[in-house]
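Q: The primary structure of each chain is shown beneath.
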Amino acid sequence: MKKDPKATKKLYINVDGYEMEDKFTGLNSNLKIEMLKKMYEIRHFENETEQFIIRGMIHGTCHLYTGEEATAVGAIYAIKSDDYITSTHRGHGHCIAKGADLNIMMAELLGKRTGYSKGKGGSMHIADVKSGNLGANGVVGGSIGIATGAALTCKMKKNGKIVVCFFGDGAANQGIFHSSINMASIWDLPVIYLCENNVYGMSTSIKEAFNIEKISDRKNAYGIEGLTIDGNNLVEVLNAVSYFADRCRAGKGPVLIESLTYRWSGHSKSDAQVYRTREEIKKWMEKDPIKRYREILIDGKILTEKDDRDLEKEVISKIQEASEFAKESPFPDPSEVEDDVYA
Amino acid sequence: MKKDPKATKKLYINVDGYEMEDKFTGLNSNLKIEMLKKMYEIRHFENETEQFIIRGMIHGTCHLYTGEEATAVGAIYAIKSDDYITSTHRGHGHCIAKGADLNIMMAELLGKRTGYSKGKGGSMHIADVKSGNLGANGVVGGSIGIATGAALTCKMKKNGKIVVCFFGDGAANQGIFHSSINMASIWDLPVIYLCENNVYGMSTSIKEAFNIEKISDRKNAYGIEGLTIDGNNLVEVLNAVSYFADRCRAGKGPVLIESLTYRWSGHSKSDAQVYRTREEIKKWMEKDPIKRYREILIDGKILTEKDDRDLEKEVISKIQEASEFAKESPFPDPSEVEDDVYA
Amino acid sequence: MTRELTYLEAIREAMQQKMREDSNVYLIGEDIAEYGGAFGVTVGMLEEFGRERIRNAPISEEAIIGVATGSAITGMRPVAEIMFSDFITIAMDQIANQAAKISYMFGGKARVPMVIRTAGGGGTGAAAQHSQSLEALVAHIPGLKVVMPSCPYDAKGLLISSINDDNPVIFIEHKMLYKNKKYIADVPEEMYEIPLGKGDIKKEGSDISIVATSYMVQKSLEAAEKLSLEKGIECEVIDIRTLRPLDIDIILGSIKKTGKLLCVEEAPVFGGFMGEVAAQVSEKGFDWLDAPVKRVAGRNCPVPYSLVLEQEMIPGIGRIEKAVLDLLG
Amino acid sequence: MTRELTYLEAIREAMQQKMREDSNVYLIGEDIAEYGGAFGVTVGMLEEFGRERIRNAPISEEAIIGVATGSAITGMRPVAEIMFSDFITIAMDQIANQAAKISYMFGGKARVPMVIRTAGGGGTGAAAQHSQSLEALVAHIPGLKVVMPSCPYDAKGLLISSINDDNPVIFIEHKMLYKNKKYIADVPEEMYEIPLGKGDIKKEGSDISIVATSYMVQKSLEAAEKLSLEKGIECEVIDIRTLRPLDIDIILGSIKKTGKLLCVEEAPVFGGFMGEVAAQVSEKGFDWLDAPVKRVAGRNCPVPYSLVLEQEMIPGIGRIEKAVLDLLG
Ligand SMILES: Cc1ncc(C[n+]2csc(CCOP(=O)(O)OP(=O)(O)O)c2C)c(N)n1
Ligand SMILES: Cc1ncc(C[n+]2csc(CCOP(=O)(O)OP(=O)(O)O)c2C)c(N)n1
Ligand SMILES: [Mg+2]
Ligand SMILES: [Mg+2]
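Residue numbers (this note's numbering), protein chains in the order written: chain A, 1 to 343; chain B, 1001 to 1343; chain C, 2001 to 2329; chain D, 3001 to 3329.
Think of the hints as simulated: they come from the structure by calculation, not from any bench. Incorrect hints may appear among the rest.
Between beta-carbon pairs, the in silico distance windows are [as the list claims (entries may be wrong)]: (1) B/I1054 / D/P3195: 40 to 50 Å; (2) D/R3003 / B/D1101: 45 to 55 Å; (3) B/N1030 / D/G3050: 56 to 66 Å; (4) B/V1129 / D/R3319: 55 to 65 Å.
Since we're looking at a predicted model, the values are computed, not measured. Backbone N, C-alpha and C fix where the C-beta goes; we use that ideal spot for every residue, glycine too.
Chain A with its partners taken away, still in its complex shape (with noise of 0.2 Å):
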C-alpha cells in the first residue's frame, strides 16, 4: 500500500492481545476515501439488486452483504492486488473490494451474456481470476479447500502471493474448514482463514451451532495464530489483515481471524426472520460500518460532508450505469448451453 511520506514513525494498537502496527493511519488519504467509495459501492450495489430482486427481474436468489462491508473492503486493502481470494455465497462484497466492474457483475446477476459468467453463474458463482478473485462459492466451506490450493500454488511457486479465503460462521463446521486447516498448518501455507461472524448461519444462531465463546480459539486446534476483531470497524479489519498478511507472505504459516459483524437483510430472497428480533438488528444497524468509517475520516479531516455526500451520489449513478448496462445487455443463447462444460 502506498505510504503517507508525512506518516513517519510507526503506531502500535492491541487487538485481542496482539501488538501490532496501526498502519491505517499511516496510508494516504487518497485510499483512505477509496475504502469508503467502495463501501458505499457495495451498500448501493446491493440495494439496487434488492430492488430488481423485488421487481423479479433476478432469476433465482441473491445473499446481501449490507452491513458486513467493512470486513470484505478492511481485508482486501490490506493485502495486494494481485493477492487471491476465495469467496462466498454472500460474495458480491468481495468481489466489488476485489476491484469487479459493476457493470459486468450485474449483468451477471440478470443472466446476460456480458456478466462474468456468461449468466451461466449468477450470483453464487463470480469469479474473476485475473483480478485475483478465485470465486463465489454455492457451497458453504466449498471454498476452504480452494483457497488452501491457492496457498499451496504461491508456497510452490514462490510468487510471494497470499490468500485470504473468507467464509461464514457456518462453514466453521463443516469437515473441510477441520481438514483444509490443518494442511496449511502442516505444510505452513500463506492463507488468512477470514471468519465473518455475522451471528447466523441462516436461521441457526451461533449460540446453537457452537459450544465455544471465540471460533478463533479453534486456531488451537491447528497449532495456528488468529483473534478476534470488530468486523464493523474498518481500521481495526485493516489492521489485524495487515499485520497477520505480513506473518503469511515471511512463511509462518496460516492464520484463523474471526471478524465479528451481522447481515441487515433476510438470509435470502425468501426469509421471514423469525429467529431474530427487531432490537437485534436494530442494535447492528446503529454500529453500521460505513457511518463509523465516514466519521473517523470527517473528524480527521480526510474529507468534508460536501465530499462525502458528493462521493455517495458519484456511486449512485455509477450503480446506475451499472444497472442500466445490465438491463440493456443480451441474454445468452440456447445454442450456448454446453460450452465451458469442459476447457
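Chains B, C and D with the ligands: place on chain A using the hints.
A: Below, chains B, C and D with the ligands without anything else, positioned relative to chain A:
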C-alpha cells in the same frame, strides 16, 4: 463394576491435570485378573491371525492390535456391558474386550459362514450389536458419526447408556471428526471420543500430520473436556475412562481422550516399515502393556507367577480351539452372495 | 376423508402422522426448526414436537447422516433432511459406504431404518450447485432404496412406506412441485402406504410408452395431453416412483402394448438413471420393441443460471412432444 | 525403444517423465512418500522429486481434492491420489460440485488441470469398503473426464494425456493389474499420448462385439481366446478406455459388423455405466442389432469378503463365456 467390599474409602489420583478417583484399586480381584486374561486373548488372537496371514489362509488384509491391548481392555472394562462402542479397521482388540466369541471372530477372518458376518465382512467389518459393539469400520474416521448417533439414541431414549468411540490419530484429521464432535458438544451427547494415538497413521507420523503437541487439545475447539493418558497403562486407562463415563452419564456431554500407545506390527499385511526404526519399536516394546499390568497384579499379590503362566496357557488353548473351529467351519455358499443387502 | 393438499403439505403430514405414532421417529437437518426448512416443509413441526425431535443441526451434512445412521442402528427411525440434493455429495461416504452397506457387511446383524429427504431439481435459477438431479449416484449403490414422488398422493404414501422401511431410503423431492397450485390433489387424511418398488400408470395410452420420474412425470403428462388433443396420439405415462427397487414389469407390460418407449428425466442424459431403464428394456423387451428406445433428459452440462439457458438445459414439454413424434415418425 | 513394464511401472513412469518435464506437476496423497503409496506406485519418487513435489498428506481426502483443485486453478498441474476409489465419496463435493463445475460456473474464466488417480476394483479380499468400482458416480458428472486403463501401454499414454488435459480427469487404476506378471507388456521409453475419448479394439472378431472396461477387458480377452480355440467363435473385444468422453462410434462400427453386443463391467449391474453404453447402442444401433444387448457385471450387492462370495460377485471368464454363447444362441 462389582466393588470389593474390603475397599471402602476412595483413593484419588491426578491424571493430566484431572483429579479423579482410583477406581481400579477398588475392583475385586477376579475382575482384575479377567482384564489380564482379555489382554492375553487379544495378544494371542493376533499372533494366531499373523500365522494365518503368513500361511496365506486369510484372503485380504488384517490390522493387528498387538501392543495396544491396555487401551481397549481398560476402556471397555470402565464402562457397562450394555454400553456401546464403535471400532476401527484395527478392531480385533475392541471386539474381544467387548466380549466377542473368539470362535465366531476367527471364523469370520477365514471367511467362513459361521463368522460374525457369515463371511461377508472379514476383519474390517465385524460387529456384534447385541454385545454393544456397533462395528469395526474400513473407512478411517467412518465410525465417528455413527458413534455420535448412537449417543443421540441414548439421550433420546434416556436409557442411561453411553458410547465409547475408538479411532486412530490418523482419523483425527478427517472432516467427520470435526463435525461430529461439534454436534455432540452442542447437544451434550454421552460419548467418549477415544483417540488411539499409536504414533503413525499407516506410514505417516503424528509429527508430519499434526502441528500440535497433544491431540486432546482439540477439545478446546468444541468446548468439551478431555486429556491425554498413557495408553499402555491399563490402570490409568480404566481410571480415566471411568471418570469421564460417570460425567457422560450425568449428562455433562462428550469428552476427548487421547490414549498414547504404539502398534508393534506393520500397518497391515504388507508393510516394509521403512518409516520407522528398530530402536523406536524396541523402545516401545519395553513398555509392553501386558508385562506392565501383569507386574502390577503380581506385586499386588493378586496373582502368582504360576497363576499367570496357567492363565496364559489357558488362553492359548482357547485360541487354538477358535482356529480349529474356524478351519473346520464351512465356507458360505455362492448362492448367498445377494443375501443381507437389504433387511 | 380426503382433502386437497400441496406436495409439500402431503410430505409434512406423512412426517407428522408417523411422529405422533412412533416416538422413535425424529427429524434432523439444517434450519428445520423455527425456519421450517429452506422450502417450508417442516413449518410448525417444532411447535408440535419440540427441539428434541426436530433437531436443528449445524451446517454439517456428513455428521447429520452419520448421526442419523448411528441412531438408526441403535433403535431410532431418523428422517434426515439434506437441504439441497447437491449436498448429499458431502455425506456420500456416510450414505454409500456406511448406511448402505452396514446390513451386508455385518451379515444382517444390524439394520438401518432411516430416510434421507432432500430437495432436487432445477427451475429455480439456483444454478449449478443447487439444482442437480443426482439420483443416479445413489440408485447405483446396493443397500439403498431411492424414491422420487411426482404428486401429493404418492408423496405421502411413499414417505410413510419409506419411514416404515428397515433400510436407508433416499427420498428425493422436487422444488418445482412443493407449492405449485397446479399440482394440488386429493390426499386421504389417514395414513396409507404405497409399496416401494411399484410403479404407477398416470395416464393410459396405446401408441407409445413414456417412463418418467419426479417433475418430469408432470411435464410428460402435459405433453401427453397436448398430443392427445392436437394429434390424437395416446401416450401411456408411467411413473416408476421408486428408482430402486425398480418396477421393470410395469414398463415391459406397457411396451408389449405400445412397442415404443421414451424415457424422460431431468438429470444430464449421459450416465443418467434412464440408461438403466433403457438397458433393461432393450434386453428384456427386445422382441416387443418396434423402434429404438429414446431418452429425453437434461443436456450434458451443469444447470446454468440464466433463465434462457436453464430452460434449454432442463427438458420441457416441447422436447418431449418432439421425441414422441420422432418415435412415431 | 520399448521395454516390458508392469501396469504399475507404466503409471509411475508417466508421472516421472511429466514431473521431469513440467515443474508445475506435483503429487499429493496419503502415504505416497516413504511408503510409496499403498500399492507401491510412487516408490522411489520421493527420492527423485523431494517432499515439496511428493506431498504426503494427512488422512483428509476432502482437503486433498480441495487443495489440488485450488492449486490447479492457480497454475499447478496436480496429480492427486485417493488410495482406494471407495474414498472418492469423502471428496465427492470437491470433485463433483467444485472441480467439475468451475469452468462452467465461471463461464470458462478458470481452468482445472488436475488428475485424480485412484485404485478401484475387487479381487483382493478387502471387502465392501475397499473394493468398489464407482466409475458410474463420476462418469455422470458433466465437467469430469473418466479414464480406466486396462494394460501397461494404455496406462502410460492415457495418464500422460490426462496430466496434459486442462480438465479434471478421474483416472481409475485396477488393483489386480498393478503387478500381475501376466499383463506385463512392451511400453515405449519416450513419452506418448493416447487421446482421451478414443476406444481401442483389443481383439478383432466378426461373431459378436464385447465392450469392457479396465480389468474386465483382460477377462473378456481370456474368454474370447477360449471361445476361439474351443468353439471357433470370434469375439471382437473393445476397450473403451475412457468412459467420458465415450467413443460410441468404435462400438457402433463393431456392431454393424457383428450385430450383437455384450457389455462387461465389474461394478454392480444396476445403474452401472454399461447402462449408458447399452442405451446409446439400442438407440443409435437399433437397426444393426439382431439380438438384445446383454450385460455381464457385478452382482447387485457390496463386494463381499469371503473368496467364494467375492468370486461370485465379480464377473469371471465363465460368466462372460456363457453370455456370449447365450447371445449366439
Ligand atoms: C453445504 C451447504 N449446506 C447448506 C447450504 C444452504 N445454505 C446456504 S447459505 C447457508 C448459511 C450459511 O451460513 P454462514 O456460513 O454463516 O454464511 P452467511 O450466510 O451467514 O454469510 C446455508 C445453510 C449450502 N449452500 N451449502
Ligand atoms: C478414508 C480412508 N482413507 C485411507 C484409508 C487407508 N488406511 C487404512 S488404515 C490407515 C491409517 C489409519 O491411521 P490411524 O487412524 O492412526 O489408525 P491406525 O492404523 O494407526 O490404528 C489408512 C490411511 C482408509 N481405510 N480410509
Ligand atoms: Mg453467518
Ligand atoms: Mg495411528
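Q: Now tell me, hint by hint, if it's right for this structure.
A: Now the hints, each set against the structure:
no., hint, in the structure
1, B/I1054 / D/P3195: 40 to 50 Å, "holds (46 Å)"
2, D/R3003 / B/D1101: 45 to 55 Å, "holds (53 Å)"
3, B/N1030 / D/G3050: 56 to 66 Å, "holds (58 Å)"
4, B/V1129 / D/R3319: 55 to 65 Å, "violated (35 Å)"
In summary, the one numbered hint that this structure violates is 4.
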